[in-house]
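K.L.:
Okay, here's what each chain looks like letter by letter:
Protein chains: 2
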Amino acid sequence: MIWIYDWVPDGPRGYVRYIRLRWACEKAGLDYDVKPVSFKDRGPDHIANQPIGQGPFLQDGDISIFESGPCLLHLARKSETLMPRDPKGEAEALEWTIAGLNTIEMVSVPWWVMGLSGTKDIPHEDWMVSRLGRLHAVLPVREWIAAIRFTVADIMMSNVLRMPKVLNATQKLRALRAYVDGTVALPAFKQAHANQKAHFAKADE
Amino acid sequence: MIWIYDWVPDGPRGYVRYIRLRWACEKAGLDYDVKPVSFKDRGPDHIANQPIGQGPFLQDGDISIFESGPCLLHLARKSETLMPRDPKGEAEALEWTIAGLNTIEMVSVPWWVMGLSGTKDIPHEDWMVSRLGRLHAVLPVREWIAAIRFTVADIMMSNVLRMPKVLNATQKLRALRAYVDGTVALPAFKQAHANQKAHFAKADE
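Chains Y and E supply the protein sequences, listed in that same order.
Note that the working numbering has the first sequence beginning at 7, numbered continuously upward.
Note that the working numbering has the second sequence beginning at 7, numbered continuously upward.
Don't read these hints as lab results, they were simulated from the structure.
Model, not experiment: these values are computed from the prediction.
Every residue, glycine too, gets a C-beta built ideally from N, C-alpha and C.
There could be a bad hint or two in this list.
Stated by the list, open to error - Stretch-level coverage of chain Y by chain E, calculated; a stretch enters the list once three of its residues show a Cβ under 8 Å from a Cβ in chain E: (1) 61 to 72; (2) 112 to 121; (3) 134 to 142.
Kindly generate the complete structure, drawing on both the sequences and the hints.
P.N.:
What follows is the structure, given as C-alpha cells:
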C-alpha cells in the first residue's frame, strides 16, 4: 500500500517522488495499491507514519516505511529484478541509490526549489554542475549506473536527474541526457508516469 | 579497510563524515584499518573507487563501496549491534538512516556550507529550521531515533545534527540537543572522535 498526496500543484505533476515506488512496483510486477493522503491538511495520521510530514510512505503488512529511498530499498528486497543478490552487485546498487539522494539530490533540490521560486544567482549552481560533471564522466562506459544491469539505482538516479535535465542544467552533458532518456523510455516508467498524471488529473474533477 | 583523506583544514576536523564509519566499527567491535587518500590531489585511483571524488569509501574483500550512508548500511549487515534483524526494526533503522541524509542533511549541508562561506540571508534557513522542528517533535518520547534501541540510524542522525547544533540552529530545540548530547557521550563516538582528531593532527607534523 503506497500512500501519496491527493493533490499537488500543476508544476510537479509527473515529478512527485512517489513515481519512484510505482516504477519499482511496475518493473518488478509487485502488487500494490495507492491511497491518497491530504496534501493541504497534513493531520496526525500522516505525521504518525511520516513525522516530517512529507510523502510518500508505504505500508507492507505491519511495516510502515517512509521516504522514497528506504521505500525503494525495501521493495528491492522483494525482487531480484530491482537488486542483484550477489554481494558485489548489491553493494553497487545500494551505493548508487543513495548517491542519487545524497550526492546529487542534496545539491539539485535546493537548486531547483530556489530557481523555481525566482531566486537569482543561486549559490550552489556551481556545486551541482560540478557533481553532475563527475557523474557524467562515468556514464559513457556504462548503460546502467550500477552492477552492469538495470537496478533500483537506475530508478533513483534517473528520477533525481529529471529535474536538472528539464531545467536545462545538463546541456553540455550528453551522456547524462542519453542515460535519462534511455531510462524514461522504459515501459515501467511510462506506466508509472501516466498513472501519476491521471491520479492528479482526477483530483481536479 | 576505510579510506579517508590524509588532511583537511582545521575547521571540519572532528566532523569529517568518515567518523560515522569509525563509530560503527568501534561500536560493533568490527576490525578495521584506515588508509589515507590525498585530499589535495584526487587522482585516478581515488576516482576509480569514488567517482564523485569525495570521501570516505571502504573496501571489504572484493567489495568497494562509497558514501557514508551505503558504507554504514553495509557495516550494519555484519552486526546486529548496528541494525535489528526483525523486519520492522530493520525498516525503522533503514528509514531513519536515510532520513538523516535526505531529509536533514539535504537542507543542513547547503545551509552550513553557505553560512561558513559568509553568505548572508541563506535562502534555506527556514526550510532547515522547519525540518529540525518536525524531527524535534518525535524526540521527547524516544531515547533512540529508531526501533527503541541504539542502531546505525543514531550514528547517522546524531552526526548529521552536530553541525546545526554547533552552529546554533537548535537553541529552541531542547530535546534535539539532548539527543545529540546523549549520543556523542557514548564511548564508541568518543573513541572515533579522538581518532579523527589524532589522525589529522599527525598530518600537520
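K.L.:
Work down the list of hints and note, for each, if the structure agrees.
P.N.:
Status of each hint after checking the structure:
1. 61 to 72: Holds, because 5 residues of the region 61 to 72 of chain Y bring their Cβ atoms closer than 8 Å to Cβ atoms of chain E.
2. 112 to 121: It holds, with 6 qualifying residues against the three required.
3. 134 to 142: holds (count 3)
In summary, the structure agrees with every hint in the numbered list given earlier.
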